[in-house]
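Engineer: Got chain A; can you put chains B and C on it based on the hints?
Residue numbers (our numbering), protein chains in the order written: chain A, 1 to 182; chain B, 1 to 300; chain C, 1 to 396.
Some hints could be false.
[To be verified] Computed spacing ranges between beta-carbons, pair by pair:
id: 1; chain 1: A; residue 1: D49; chain 2: C; residue 2: H129; range: 55 to 63 Å
id: 2; chain 1: A; residue 1: S3; chain 2: C; residue 2: L76; range: 40 to 48 Å
id: 3; chain 1: C; residue 1: P170; chain 2: A; residue 2: E30; range: 27 to 35 Å
id: 4; chain 1: A; residue 1: A44; chain 2: C; residue 2: L291; range: 51 to 59 Å
id: 5; chain 1: A; residue 1: R28; chain 2: C; residue 2: V305; range: 57 to 65 Å
id: 6; chain 1: C; residue 1: S223; chain 2: A; residue 2: E30; range: 24 to 32 Å
[Said to hold, decoys possible] The list that follows gives simulated cross-link-like pairs (lysine-lysine, PhoX-like), each with its CA atoms no further than 20 Å apart:
id: 7; chain 1: A; residue 1: K100; chain 2: A; residue 2: K129
id: 8; chain 1: A; residue 1: K168; chain 2: A; residue 2: K129
id: 9; chain 1: C; residue 1: K379; chain 2: C; residue 2: K159
id: 10; chain 1: A; residue 1: K150; chain 2: A; residue 2: K77
id: 11; chain 1: A; residue 1: K129; chain 2: A; residue 2: K77
id: 12; chain 1: C; residue 1: K379; chain 2: B; residue 2: K281
id: 13; chain 1: A; residue 1: K150; chain 2: A; residue 2: K129
id: 14; chain 1: A; residue 1: K77; chain 2: B; residue 2: K281
id: 15; chain 1: A; residue 1: K149; chain 2: B; residue 2: K103
id: 16; chain 1: A; residue 1: K149; chain 2: A; residue 2: K77
id: 17; chain 1: B; residue 1: K103; chain 2: B; residue 2: K270
id: 18; chain 1: A; residue 1: K150; chain 2: B; residue 2: K103
Think of the hints as simulated: they come from the structure by calculation, not from any bench. Since the model is a prediction, treat every value here as computed from it, not as a measurement. Cβ coordinates follow ideal geometry from the N, Cα and C atoms, glycine included.
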Amino acid sequence: MTSFNDTRHLWALGAFLAAVGLVGMVVRRELVPDDFGRQGPYRASALADVAARPSLFQADATCHACHASVEHERAGKPHEAVRCAHCHGHAVEHVAMARKAAEDSSIAVPPAAEWDGDFLTKIDLYVTKDRATCLSCHQAVVGMPADFKKIDVAVHLEEQGASEPLAKDTCFECHGGHDTAP
Amino acid sequence: MSFFDLPIVTSGPAVSGACASGGCATGGCASGGCSTARPDLKSETSRRDFLKTATTLTLGAMSLTLLPGAMAGDDAVPPASKPSGFPSHAKKPMYGFLIDTTKCTGAGKCLTACRVENGVPEGQARTWVERYVHFKDGRVEVDLVPEIGYAASGEPQPAAEDVLRAYFVPKLCNQCVDAPCNQVCPVHASIKSPEGIELVDTDRCIGCGYCVQACPYGIRYMNHETNVADKCNWCYHRVMRNEQPACVEACPTGARVFGRIDDPDSEISKRLATLPTSVLKQHLGTLPLTRYVGLTDEVT
Amino acid sequence: MEYHALHDAPFVFPNDAYPAWSIMIVLYPYITGMVAGAFVVSTMYHVFHREALRPVARLAVVTSLCLGACATLPLLLHLHQPQRALNVVATPSPSSAMAGFGFIYSFYMLVLLVDVWLLFRPAIVERAHSAPGPWKNVYRVLALGVLEITPRAAEIDRKLVHALSVIGIPAACILHGYVGFLFGAIKANPWWSTALMPVIFLTSAVVSGIAVLTLLYLLLCRSSRMEPDEECVRSLSRLLWMFLVLAVTFEFGDLLHVAYEREEEWHVIRELLVTKLRFSYLTLQVLIGALLPLLILPIPAFTRVASAAFRHSCTGVAAVLVLVQVAAMRWNVVVGGQLFSKSFRGFVDYPVTWFGREGLLAAAVVLAMPMLLLWGAMKLLPVWPPSPQSESGAKT
Numbered sequence: 001m002t003s004f005n006d007t008r009h010l011w012a013l014g015a016f017l018a019a020v021g022l023v024g025m026v027v028r029r030e031l032v033p034d035d036f037g038r039q040g041p042y043r044a045s046a047l048a049d050v051a052a053r054p055s056l057f058q059a060d061a062t063c064h065a066c067h068a069s070v071e072h073e074r075a076g077k078p079h080e081a082v083r084c085a086h087c088h089g090h091a092v093e094h095v096a097m098a099r100k101a102a103e104d105s106s107i108a109v110p111p112a113a114e115w116d117g118d119f120l121t122k123i124d125l126y127v128t129k130d131r132a133t134c135l136s137c138h139q140a141v142v143g144m145p146a147d148f149k150k151i152d153v154a155v156h157l158e159e160q161g162a163s164e165p166l167a168k169d170t171c172f173e174c175h176g177g178h179d180t181a182p
Numbered sequence: 001m002s003f004f005d006l007p008i009v010t011s012g013p014a015v016s017g018a019c020a021s022g023g024c025a026t027g028g029c030a031s032g033g034c035s036t037a038r039p040d041l042k043s044e045t046s047r048r049d050f051l052k053t054a055t056t057l058t059l060g061a062m063s064l065t066l067l068p069g070a071m072a073g074d075d076a077v078p079p080a081s082k083p084s085g086f087p088s089h090a091k092k093p094m095y096g097f098l099i100d101t102t103k104c105t106g107a108g109k110c111l112t113a114c115r116v117e118n119g120v121p122e123g124q125a126r127t128w129v130e131r132y133v134h135f136k137d138g139r140v141e142v143d144l145v146p147e148i149g150y151a152a153s154g155e156p157q158p159a160a161e162d163v164l165r166a167y168f169v170p171k172l173c174n175q176c177v178d179a180p181c182n183q184v185c186p187v188h189a190s191i192k193s194p195e196g197i198e199l200v201d202t203d204r205c206i207g208c209g210y211c212v213q214a215c216p217y218g219i220r221y222m223n224h225e226t227n228v229a230d231k232c233n234w235c236y237h238r239v240m241r242n243e244q245p246a247c248v249e250a251c252p253t254g255a256r257v258f259g260r261i262d263d264p265d266s267e268i269s270k271r272l273a274t275l276p277t278s279v280l281k282q283h284l285g286t287l288p289l290t291r292y293v294g295l296t297d298e299v300t
Numbered sequence: 001m002e003y004h005a006l007h008d009a010p011f012v013f014p015n016d017a018y019p020a021w022s023i024m025i026v027l028y029p030y031i032t033g034m035v036a037g038a039f040v041v042s043t044m045y046h047v048f049h050r051e052a053l054r055p056v057a058r059l060a061v062v063t064s065l066c067l068g069a070c071a072t073l074p075l076l077l078h079l080h081q082p083q084r085a086l087n088v089v090a091t092p093s094p095s096s097a098m099a100g101f102g103f104i105y106s107f108y109m110l111v112l113l114v115d116v117w118l119l120f121r122p123a124i125v126e127r128a129h130s131a132p133g134p135w136k137n138v139y140r141v142l143a144l145g146v147l148e149i150t151p152r153a154a155e156i157d158r159k160l161v162h163a164l165s166v167i168g169i170p171a172a173c174i175l176h177g178y179v180g181f182l183f184g185a186i187k188a189n190p191w192w193s194t195a196l197m198p199v200i201f202l203t204s205a206v207v208s209g210i211a212v213l214t215l216l217y218l219l220l221c222r223s224s225r226m227e228p229d230e231e232c233v234r235s236l237s238r239l240l241w242m243f244l245v246l247a248v249t250f251e252f253g254d255l256l257h258v259a260y261e262r263e264e265e266w267h268v269i270r271e272l273l274v275t276k277l278r279f280s281y282l283t284l285q286v287l288i289g290a291l292l293p294l295l296i297l298p299i300p301a302f303t304r305v306a307s308a309a310f311r312h313s314c315t316g317v318a319a320v321l322v323l324v325q326v327a328a329m330r331w332n333v334v335v336g337g338q339l340f341s342k343s344f345r346g347f348v349d350y351p352v353t354w355f356g357r358e359g360l361l362a363a364a365v366v367l368a369m370p371m372l373l374l375w376g377a378m379k380l381l382p383v384w385p386p387s388p389q390s391e392s393g394a395k396t
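Chain A extracted, bound-state conformation (with noise of 0.2 Å):
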């Protein structure tokens, strides 16, 4: 015959295991977002957050709302898939502040040739006419499909009758910019 006597410690220890399991289950509830599994077995703010980051590259109808004529130039032209960024660099702090300029009239966006930096540094704007700009669509390089315009800089010079060294601006002696000609 059992008594009371004779199970009194798994008793306590089952009170014991219980207390621990409930602060599990009190803990386990704070820990859970109130917007889980709202919508799939996620956070479901977590979706609004990803999507809350800012757009900072630039589309080139960013920069046409301003400079207009540039796009007119391009229009139809073989340059006109590529980006302004690719260019002109990813101008992040100029649209930002160009936007702010639009709605206050005390600042003033500083003129082009104070952004000017070297391509390939990754500043955030430059006015660029510098052949590696070119060359880093252009260089010839092994794996470029048999259409692409490439040109290998030693040929082309030679076929031109030109020499090393040469001004930065080079390629522009002869090629367009916006209104790229070949």
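Structural biologist: Chains B and C alone, transformed into the frame defined by chain A:
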């Protein structure tokens, strides 16, 4: 239910079948359909009902826009009140990504764009471009396109006369319909968005790295600045504003195409309709949404 | 055909340059394996009544508990967001092989804790009466305030311990088989992805548990100038030999299969074994860790050559070698699996560091912790079996 993910397993072969038979636009749709047809964890949809739905979607090969709006349901409506167990995600747009390796020139413009857009730390990458060079002596060498481009990097280049053929292969998240990274995340910090895009909940990620191990494509990484898992999310924030992902916006040659695969007039649907495409590591059954033109066996 | 892409210039995916899992993830299955293995030894006595193992039966459960208490330590050191660790039990994903850990581990520890408590309750109660000064209170708390044991209660406890040991066997198997599954279920990694992984981990876990217990027993006997029980050491040697044979069969059987079938990315694995893992796999895991103890162990296990002391030394040496084998095996799986890029075209290095959260020093501390706990537990509880007289006294 989610453990076995039955619907995806079932509809998998139908998807690849549709694609292999050349109907790539519809194939793309169907595979997108699988992701959206993934049943809400809360819904009480029975297997049989679901199979019926999946079969309808796949066999019908129709755009989901044809479905009556009432069937689509609403996120806020309790699952029990939904008419026929159609998942709540059915009305969301379906996106796809197409990489045309024959158009990529290896300029690397997409790489800087991605780093700027997403603040990816140096030494890690959400996207990269590989170059495969098949030499005339049978060797195949692979290297990475430098972010500033080959011209500025000054890296020694293989001599053109030794090369049989060469091509560039951009890599980014495949947004697998049956994503191994999502499957292994222990805390639901990996999210398959209603649009089928795989996201990281940086507020809940515990940084265990299991997803990094599970991704067969090496896309995921433990961001060593934020100390949580990070990955390409097709610039979800831009897509939600109807903008193109940064790498697509930056590509001057149209090698990267992003768009709605449930819209037959979109650029991507048109290309999918005319070009034969394939996916990476198809044997793993991850059902990627990123499709490639011009993949070779050498590409892993 | 010897020609393969690996012999061209190597190419590694950019994000594969740094292995995501460190030496802490090597320690985690190492320690968890010992937890499961030591418990299995105790069940050999408590469930299967192998009387020869009586001297180590209690030591085994206490060792298992002490190791178990430290099993989460390497995980916490590894997590990049350790403060969010409890998310694993708050919002566990049913599809994740990792999310089960919180529950399986908790269940196993619960079984173990109750098992130990019931097993040692007579000693705790006795000390709650006899211990000096403040220690009395410690034992009172440990006894949960119940300070008497009726004969009927002792009878009930004996049955419960038996029942818990029975439950503990599948629980221990699940705990460690599951750790193996964690790796075996990663289809992205051909070095991990095999259905045999849970079995391989389980058998090597039992091996490591027996080895650590054998070594502890021999060392504790030596430190307390006690003669090790000859039959006990013989029995442990036999168990160790038998499970080592099993573990080796599964480990190398699986590899042989992959090699012979030229499965998946065999060329990568072969290259891995003969270059990056040449020492840790071929030398440590195969030659020194497996072959040598397989040759040494039959001496103490099946013969009575030379002196008992010599045979005990053989067992001790074999136990050390086996512990090296299992450690090497964990290393080769966890680190080895990250030494090649998923491009399957190149290898990377694992940078071993001394300092930092995931350095060698931290690893040494993690390994020392359970031993420290065990030392404390031995101060608190009598891990050696009660003399036959007192036990028969308790029965009546």
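Engineer: Now tell me, hint by hint, if it's right for this structure.
Structural biologist: For each hint, the structure was consulted:
no. : hint                       : result
1   : A:D49 x C:H129: 55 to 63 Å : holds (60 Å)
2   : A:S3 x C:L76: 40 to 48 Å   : holds (45 Å)
3   : C:P170 x A:E30: 27 to 35 Å : holds (33 Å)
4   : A:A44 x C:L291: 51 to 59 Å : holds (57 Å)
5   : A:R28 x C:V305: 57 to 65 Å : holds (59 Å)
6   : C:S223 x A:E30: 24 to 32 Å : violated (46 Å)
7   : A:K100 x A:K129            : violated (28 Å)
8   : A:K168 x A:K129            : holds (7 Å)
9   : C:K379 x C:K159            : violated (27 Å)
10  : A:K150 x A:K77             : holds (17 Å)
11  : A:K129 x A:K77             : holds (18 Å)
12  : C:K379 x B:K281            : violated (57 Å)
13  : A:K150 x A:K129            : holds (18 Å)
14  : A:K77 x B:K281             : violated (39 Å)
15  : A:K149 x B:K103            : holds (12 Å)
16  : A:K149 x A:K77             : holds (14 Å)
17  : B:K103 x B:K270            : holds (16 Å)
18  : A:K150 x B:K103            : holds (14 Å)
Comparing the model with each numbered hint stated earlier shows that hints 6, 7, 9, 12, 14 do not hold.
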